[in-house]
Amino acid sequence: MRRLFGLLGVLLLAHVTLSFVHPTGAATAPTGDAVDVGIVFDLGGRGDKSFNDGAYLGAERAMAELGARVRFVEPGEGSDREAGLRLLAAEGMDLVIGVGFIFTDDLSQLAKEYPNIAFAGVDYALAVDAAGNVVPPPQNLAALKFREEQGSFLVGALAALVGNSKKVGFVGGMDTPLIHKFEAGYTAGVKAVCADCEVIAQYAGVTPEAFRNPGRGKELALSQYQQGVNVIYHASGSTGLGVFEAARTMKKLGIGVDADQYNEAPGYVLTSMVKRVDNAVYDAIARVVNKQFAGGIYDFGLDKDGVGYAYDEHNKALIPDAVRARVEALKAEIIAGRIKVPSSR
Amino acid sequence: MRMTESRRAALEEALLPLAVALAVVLVVGDLLILAYGEAPGAVWRLLLDGTWGNAYGIGQVLYKATTLTCTGLAVALALRAGLFNIGAEGQLAAGGFGAAVMGLALPTGTPSLLAIGACVAAAALCGSAVGAVPGVLRARFGAHEVIVTIMMNFIVLALLNYVVAAKLHVPETLHTPALEAGTVGRVAATFPAFHGSALNWTIVLVAAAVVSVAWYLFRTRAGFELRAVGLQPDAAEYGGVSVSRTWIGAMALSGAIAGLGGVNFVLGYKGYYEDGFAGGAGFLGIVVALVGRNHPLGVVIAALFFATLSQGGLAINAMVPKQIVEVLQGIVILAIASSVPEVRRLVRKAAGARRADTGATS
Numbered sequence: 000m001r002r003l004f005g006l007l008g009v010l011l012l013a014h015v016t017l018s019f020v021h022p023t024g025a026a027t028a029p030t031g032d033a034v035d036v037g038i039v040f041d042l043g044g045r046g047d048k049s050f051n052d053g054a055y056l057g058a059e060r061a062m063a064e065l066g067a068r069v070r071f072v073e074p075g076e077g078s079d080r081e082a083g084l085r086l087l088a089a090e091g092m093d094l095v096i097g098v099g100f101i102f103t104d105d106l107s108q109l110a111k112e113y114p115n116i117a118f119a120g121v122d123y124a125l126a127v128d129a130a131g132n133v134v135p136p137p138q139n140l141a142a143l144k145f146r147e148e149q150g151s152f153l154v155g156a157l158a159a160l161v162g163n164s165k166k167v168g169f170v171g172g173m174d175t176p177l178i179h180k181f182e183a184g185y186t187a188g189v190k191a192v193c194a195d196c197e198v199i200a201q202y203a204g205v206t207p208e209a210f211r212n213p214g215r216g217k218e219l220a221l222s223q224y225q226q227g228v229n230v231i232y233h234a235s236g237s238t239g240l241g242v243f244e245a246a247r248t249m250k251k252l253g254i255g256v257d258a259d260q261y262n263e264a265p266g267y268v269l270t271s272m273v274k275r276v277d278n279a280v281y282d283a284i285a286r287v288v289n290k291q292f293a294g295g296i297y298d299f300g301l302d303k304d305g306v307g308y309a310y311d312e313h314n315k316a317l318i319p320d321a322v323r324a325r326v327e328a329l330k331a332e333i334i335a336g337r338i339k340v341p342s343s344r
Numbered sequence: 000m001r002m003t004e005s006r007r008a009a010l011e012e013a014l015l016p017l018a019v020a021l022a023v024v025l026v027v028g029d030l031l032i033l034a035y036g037e038a039p040g041a042v043w044r045l046l047l048d049g050t051w052g053n054a055y056g057i058g059q060v061l062y063k064a065t066t067l068t069c070t071g072l073a074v075a076l077a078l079r080a081g082l083f084n085i086g087a088e089g090q091l092a093a094g095g096f097g098a099a100v101m102g103l104a105l106p107t108g109t110p111s112l113l114a115i116g117a118c119v120a121a122a123a124l125c126g127s128a129v130g131a132v133p134g135v136l137r138a139r140f141g142a143h144e145v146i147v148t149i150m151m152n153f154i155v156l157a158l159l160n161y162v163v164a165a166k167l168h169v170p171e172t173l174h175t176p177a178l179e180a181g182t183v184g185r186v187a188a189t190f191p192a193f194h195g196s197a198l199n200w201t202i203v204l205v206a207a208a209v210v211s212v213a214w215y216l217f218r219t220r221a222g223f224e225l226r227a228v229g230l231q232p233d234a235a236e237y238g239g240v241s242v243s244r245t246w247i248g249a250m251a252l253s254g255a256i257a258g259l260g261g262v263n264f265v266l267g268y269k270g271y272y273e274d275g276f277a278g279g280a281g282f283l284g285i286v287v288a289l290v291g292r293n294h295p296l297g298v299v300i301a302a303l304f305f306a307t308l309s310q311g312g313l314a315i316n317a318m319v320p321k322q323i324v325e326v327l328q329g330i331v332i333l334a335i336a337s338s339v340p341e342v343r344r345l346v347r348k349a350a351g352a353r354r355a356d357t358g359a360t361s
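Line order of the protein sequences matches chains A and B. Each residue of the first sequence is one higher than the last, beginning at 0 in numbering that gives the first Met the number 0. Each residue of the second sequence is one higher than the last, beginning at 0 in numbering that gives the first Met the number 0.
Keep in mind the hints are simulated off the structure, nothing from the lab. Think of the CB as a built atom: it goes at the ideal place given N, C-alpha and C, for glycine as much as any other residue. A portion of the hints provided could be inaccurate.
[What the hints assert, rightly or not] Per label pair, the in silico range of CB-to-CB distance:
(1) A:Pro-135 <-> B:Tyr-215: 47 to 57 angstroms
(2) B:Glu-179 <-> A:Gly-91: 31 to 41 angstroms
(3) B:Trp-51 <-> A:Asp-302: 46 to 56 angstroms
(4) B:Tyr-215 <-> A:Phe-4: 58 to 68 angstroms
(5) B:Ile-154 <-> A:Pro-135: 39 to 49 angstroms
Okay, chain A solo, but in the shape it has when bound (with noise of 0.2 angstroms):
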């Protein structure tokens, strides 16, 4: 017994002077005009090489290029999404960014308790009403849409044209309209650059689990490459690495999403639809520091490099100079207004 009370007290003793120890460059109170920013990561959290990913390293950019100064919060449980909103609002930040579709109905509730504060949703789902028409996000809340089909719109004329088989294929993770929007791009894209091309389109399942399922990813992939196709575009979270593992064993082309995904199987991977969420975040975070936020629905599509598709180095090779002119060409009109790509099925 006395032993533990010594134990205590030395323990005690270490960490009141532990206390007072300040390291140099621990973090101070914010003072000075910099525009603060406050971003909660979805449960994902950072590290997900997507979209998480790419709102930090938009946040990062626009630290290093526009001054401002940006805090994360990674909530842990369902309830902690609004508690982490609702700090940052409450420190009288000038802009808090919600990360994903999830954070909808958070955001619409606290941007209507703080007028005074910007707040933009990644994703935001825009609820319609009984008529069917859309309802617009509160006042002081920006709703960053993407136009996938856009982006799936080129990565299907790319498929076609690289593939050099009447036949093209597309997984899709759960079966939902968000998905759906892929697919219909993709479609429409494909059909651009060969009429009588058949795009074969599967759906890993109903659930969220759906994205998660590289086993059945492959399974998929492997019947449709034996099926005669030649590059498949998969929009399904991790259960597109199956797809890329049966294009690796089949030697043959998988296209990624979201995030360039050339580095999940190097050589097998034709480009990736990416979504480009930091320069979403980016932008938002500049309009504030520029004083012209204003709520509203802002749609990222390849007019502003919201979508786009991977074209470096690495896979500059599989992408014959030709090839990569016609789809510039058609990037252009879609640009211009000339080819409208289907959103649904």
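Given the structure of chain A, go ahead and fit chain B onto it with the hints provided.
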């Protein structure tokens, strides 16, 4: 005189190891925070400010503690009967789902009290059904409840995930439509100081559950039988207690209490069922029960402690990454768990058994 002295010694024996464990956590926390390059004093202050420093923080802590009290109480009750219920996570989710389905099914104009009663009953019933399965399998077939409850978690969570994702969700979300009836009011509506916090009147219901369980365990014959079975099933059976019936009853009751926890989120906070809302509160309930020494009052204190850590973790997340908070939480669990007498006794017993084993074979 002698009486008070022995009581003081008992209190010392109970509290001192706990205090040492907490001090260890503080010092390890200091070192971790320093290693990250922040000032420990500032981080701890932020943790306190963000939790017990204002009404909003207190509201958040109480909200989180409400759920943890339910899951902790559920695990504690089963442990009193000698059963290890690892399935509180699934029971919690099932309870929330039951409440939501009942709330969706009731017509909009249902009187509030009636609707809440029906939803709460549905939550308890669903949690109880999930809890009863391992109880029956244990009592009838001797299937170990640890394995069965773990497996029940997978089954229940996957099933709910499917039902919500494929049948019940609002497009582009992972939650059901808002409930028509049965939602519980926020405390902030009566006491505006709590504005913004998720604290709701479910806390009163859960407080009543804590008192009822304490009364049941220590003041009723059935509770006495339950504890007797937990201490020594063979002796209890010899004494005329049906062990299998007690086990089934204890697991069903345990599941019902865990299911009540779902009310806090579904009826009290969001007003809809969201896939994955349990978020580990069921598993943390095991720790809460252990630290609370399987006593209802202890469970409440432990729940408040871990709720403070959870909310405080969010507050200091601005200065240190989430992983440090998680490591800290793990150390808290280890340090406190190893200071709990039951655990030390178990470890000693296991070490003794091993010594006996090696002695016999050599």
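Here is how each hint holds up against the structure:
Evaluation of the 47 to 57 angstroms hint for Pro-135 (chain A) and Tyr-215 (chain B) yields a pass: the beta carbon distance comes to about 54 angstroms. Here the CB-CB span from Glu-179 (chain B) to Gly-91 (chain A) is close to 38 angstroms, well matched to the stated 31 to 41 angstroms. Hint check: Trp-51 (chain B) to Asp-302 (chain A), Cβ distance near 51 angstroms, so the stated range 46 to 56 angstroms holds. In this structure the hint that Tyr-215 (chain B) and Phe-4 (chain A) lie 58 to 68 angstroms apart at CB is violated, the actual value being about 38 angstroms.
Here the CB-CB span from Ile-154 (chain B) to Pro-135 (chain A) is close to 42 angstroms, well matched to the stated 39 to 49 angstroms.
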